[in-house]
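> We have chain A already, so just place chain B on it with the hints.
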Amino acid sequence: MTRRLGIWAAMAVIALGMLSFELPSEINSDVLAQKTAGDELLGVWEPSNGRARVKIDRIGTKYYGRIVWLLEPNDPETGEPKTDINNPDAALQDVPLKGYRMLKDFVFQEDGTWTEGTIYDPLSGSTYNCVIKMTDENTLDIRGYIGVQALGRTDVWKRLAMPKR
Amino acid sequence: MGQTDTTSTFEEEEIDFSLYDNLSFADEGAKRFCSPKIEGLSPAKLISVGYDFQGGYDLSAGDILGADDAVLAAGGTHRVNATHGLRVGFNVPVVSKTSLVWQMGANFWNTNYVYDVQPTAADNPLHQTLAEHGLRTTGINTTVFKPLDDKQFLLFQGSADLSGTYGMDFMPLKYLKYSAALLYGRRPTERKQWGVGLARTYRVGEINYIPVVLYNATDALNKWGAEVLFPARAHVRRTIDPRNMLFFGYELEGQSYRMWRNPEGEFGDLRSEDLEVRRGEARVRLVYEFSVKDFVWLSVQAGYRVNYRFDVDRLMEGEEIYRAFGLLRDDPYAQVNELGNPFYLNVSLNLVSP
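Top to bottom, those sequences are chains A and B. Mind the numbering: the first sequence is residues 0 to 164 in numbering that gives the first Met the number 0, read in order. Mind the numbering: the second sequence is residues 0 to 353 in numbering that gives the first Met the number 0, read in order.
Chain B with its partners taken away, still in its complex shape:
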């Protein structure tokens, strides 16, 4: 919505703009702080309602091994015609000051698996439980941006997610998974910011502690830019105009899903097996985001979902195994699975922040 001049009936005064060249803060103790955004950055989403769809692929489930490495259930391959579900997110500023910005958010992601042939009790329990229950995540998150001065800042992001095969009856909160990242950053110009830090993340499916790098930049003409939080995501941005933006890049998605509900049949009690699906995938994609009307933006993503891991892990006395990519431990997974890499599409309607 462009603005119309409601004062057009008033005669405009001629302004001597040079009067305003040499001014300083009236409050001599006032400081300048860098802002969390840079020029040209894609707008933050306050509310997002979207739908995610993956095309067909083969899911080859391996044998499920017991704690004693005995085979509990034999593997098998099924065709999944589609994986789809609703994705909803909210983000609301709680504190928005020059010296501190604090946001709180919530999200719900639902993932349903549509099998070509409905698995039965004779099939591997992973197929059965995915077909019957799907996977979902409900979480809350927070972001704190603390500028130290006009060039330096600290950024903290934290989230608590309940992920599993639960339905309307939630799992106990003891299965919450916590992720967090803390970065120190600099904002040398209005068009560039970078930062380095450490993250505790489930992006590749299982718990990891990894270094992270933030880099956001926009060129002088606001036509090209980069929006990077490596390794979680990295995109090159082409700004057609401030209401039309194209992105090319990737995002890592992942979470650990508790196998909470039991499939129909004779397999036994999955809950007592202490099993979690470690889902980690890369989404290589082209994204087009544009303003439909005023602050309502449509985002359309299309690309390939590239599987990194979809293995089932067994907790050891209730504790997750921290392998550090095999550097610390190399315990075998309870079930190793292979997925094809299908085309995917994601469409979301968003209310963007001022």
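One chain only, chain A, in its complex shape:
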């Protein structure tokens, strides 16, 4: 009896292991990654203009945000998926905007902010210094600035989640 239970338990562990490998990779990586201070930033966020959704991940000790959804995904001129046409580096103008890392290199600080990163504005093709503050668990103040924080603009991003059924 004990031996049978052991076999069933081993099969259950193997089955669960296989199941976990079949989860979508981005969800899987969140689950498997070791949680660190600052990981409350992880998730999907919407800028105030509602035209994009950005998924923030951690890679090593730094945080990055990729565009995962666009209100207008296609270029109105070509009908093709939008690319980074405003990038001043011509070599990057064919890079699709979906999947683009617009937040880069953020490091969590003891004062509860994420700093040392940059934010890229695909509408202007400009990259700004940026600091992120979490005003509540579902709200971020994203301040892009030029040199000093006084010369900048804050955008408020809201956390997104699957709608409750």
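Take the hints with a grain of salt, since some may be wrong.
Unchecked claim - Derived SDA-like pairs: lysine to any residue, alpha-carbon spacing no greater than 25 Å straight-line:
#	chain 1	residue 1	chain 2	residue 2
1	B	K30	B	T142
2	B	K222	B	V212
3	A	K34	B	D15
4	B	K30	B	V93
5	B	K292	A	T82
6	A	K81	B	D218
7	B	K222	A	L91
8	A	K81	B	S41
9	A	K61	A	T114
10	B	K36	A	D154
11	A	K97	B	F24
12	B	K191	A	N73
13	B	K30	B	R190
14	B	K96	A	Q148
15	B	K96	A	L122
16	B	K191	B	A231
17	B	K191	B	L181
18	B	K96	A	V147
19	A	K132	A	D110
20	B	K36	B	S298
The set of hints was computed from the structure by calculation and includes no laboratory data. Predicted model only: the values in this text are computed from it and were never measured.
Just chain B now, with coordinates in the frame of chain A:
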């Protein structure tokens, strides 16, 4: 500055973008608010340092009339070879939230008059005081954008300006001129916003209360647009790319300048005459704005300065006369002047907002 991929050493994950199609706010009470900008709008200037130059023109000064309509000083025409000066402005966001944007700013404009023949005490005092002291404006301003929801907003702009013939010694603050505008607007799409409201303005030189219309729009391809705050300014925009923009249109400029310092000579005390120069002009122009490097933009304007009014008005018991374009009152001006309409050029270096 384009971005380089600092994560290129990491293998990119394949993303199933459809996972993000049907999401909603995690905070069920969260609301969307419209933003103050639309797509394709020219960038706001945080710091601006510029130089304004007008070419030569004739300035025909009329007789200066006293309160009893007696002629205090005879008129006369002089050639002004150039009118020029420094223009500096600052604009800093104080509050920048989704539900409220508040900016504060300051500006200094200096206008010097270079006469072909230097006026003397024998000339009309207007010529003399412009040649000796010029005109300047120092002011502060504020802009509040209050979105009501994702489509509607209120916009308030206010300013207090000290304008006159003062130098390093400022005039008393009782000579401050206040302007303001309040608009209700709508932002039906990301590429269009409009609004209507009321303004108290000195744009045509003297105090007026007028309706104002805001209209900003960008076409779907972000090649053409309009940037209008009628009647103050209206421009058609041609976007070559987000770093190169051409504009064609006009701007009304104006202010009321207190004749504060007395000219050299025998005319008497201008201060006790309670006189103010009502300057109002239209600038019909072509503007080219482009990024020199990153967030540093150069703006070059060229066009004609078309005079609307450069008359001297006398305050009545210390109060400005509100004529409402002659509908309410038609008091004569203390001095009616005529100016030629020269070519003008304005060049400014600007730090633009993210």
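> Now tell me if each hint is right for this structure.
Taking the hints in turn, this is what the structure says about them:
A distance of roughly 23 Å separates the Cα atoms of K30 of chain B and T142 of chain B; the hinted pair therefore holds under the 25 Å criterion. With a C-alpha separation of about 23 Å, the suggested pair K222 of chain B and V212 of chain B falls inside the 25 Å cut-off, and the hint holds. Simply put, K34 of chain A and D15 of chain B have alpha-carbon atoms about 23 Å apart, close enough for the 25 Å limit, and the pair holds. For the hint pairing K30 of chain B with V93 of chain B, the CA-to-CA distance comes to about 22 Å; that is within 25 Å, so the pair holds.
A threshold of 25 Å between alpha carbons decides the hint, and for K292 of chain B with T82 of chain A the separation of about 23 Å falls inside it, so the pair holds. The straight-line distance between the Cα atoms of K81 of chain A and D218 of chain B is roughly 17 Å, inside the 25 Å bound, and the hint therefore holds. Only pairs whose Cα atoms come within 25 Å are accepted, and K222 of chain B paired with L91 of chain A is accepted, the gap being roughly 21 Å. Simply put, K81 of chain A and S41 of chain B have alpha-carbon atoms about 22 Å apart, close enough for the 25 Å limit, and the pair holds.
Distance check on the hinted pair: K61 of chain A and T114 of chain A sit about 10 Å apart at the alpha-carbon level, within 25 Å; holds. Pair hint K36 of chain B plus D154 of chain A holds up; C-alpha atoms about 12 Å apart against a cutoff of 25 Å. For the hint linking K97 of chain A to F24 of chain B, the alpha-carbon distance of about 20 Å falls within 25 Å, and the restraint holds. For a cut-off of 25 Å, the pair hint linking K191 of chain B to N73 of chain A stands: about 19 Å separates their Cα positions.
With a C-alpha separation of about 20 Å, the suggested pair K30 of chain B and R190 of chain B falls inside the 25 Å cut-off, and the hint holds. A hinted pair counts as satisfied when its Cα atoms are at most 25 Å apart, and K96 of chain B with Q148 of chain A qualifies at roughly 15 Å. Restraint check for K96 of chain B and L122 of chain A: the C-alpha separation of about 20 Å stays at or below 25 Å, so the hint holds. In summary, the hint linking K191 of chain B to A231 of chain B is supported, as the alpha carbons are separated by about 19 Å, within the 25 Å threshold.
As the CA atoms of K191 of chain B and L181 of chain B are separated by approximately 19 Å, the hinted pair is consistent with the 25 Å bound. Straight-line distance between C-alpha atoms of K96 of chain B and V147 of chain A comes to about 19 Å, which keeps the hinted pair within the 25 Å bound. Note on K132 of chain A and D110 of chain A: the hinted pairing holds, with a Cα-Cα distance of about 10 Å set against a maximum of 25 Å. For a cut-off of 25 Å, the pair hint linking K36 of chain B to S298 of chain B stands: about 20 Å separates their Cα positions.
When held up to the earlier numbered hints, the structure conflicts with none and fits them all.
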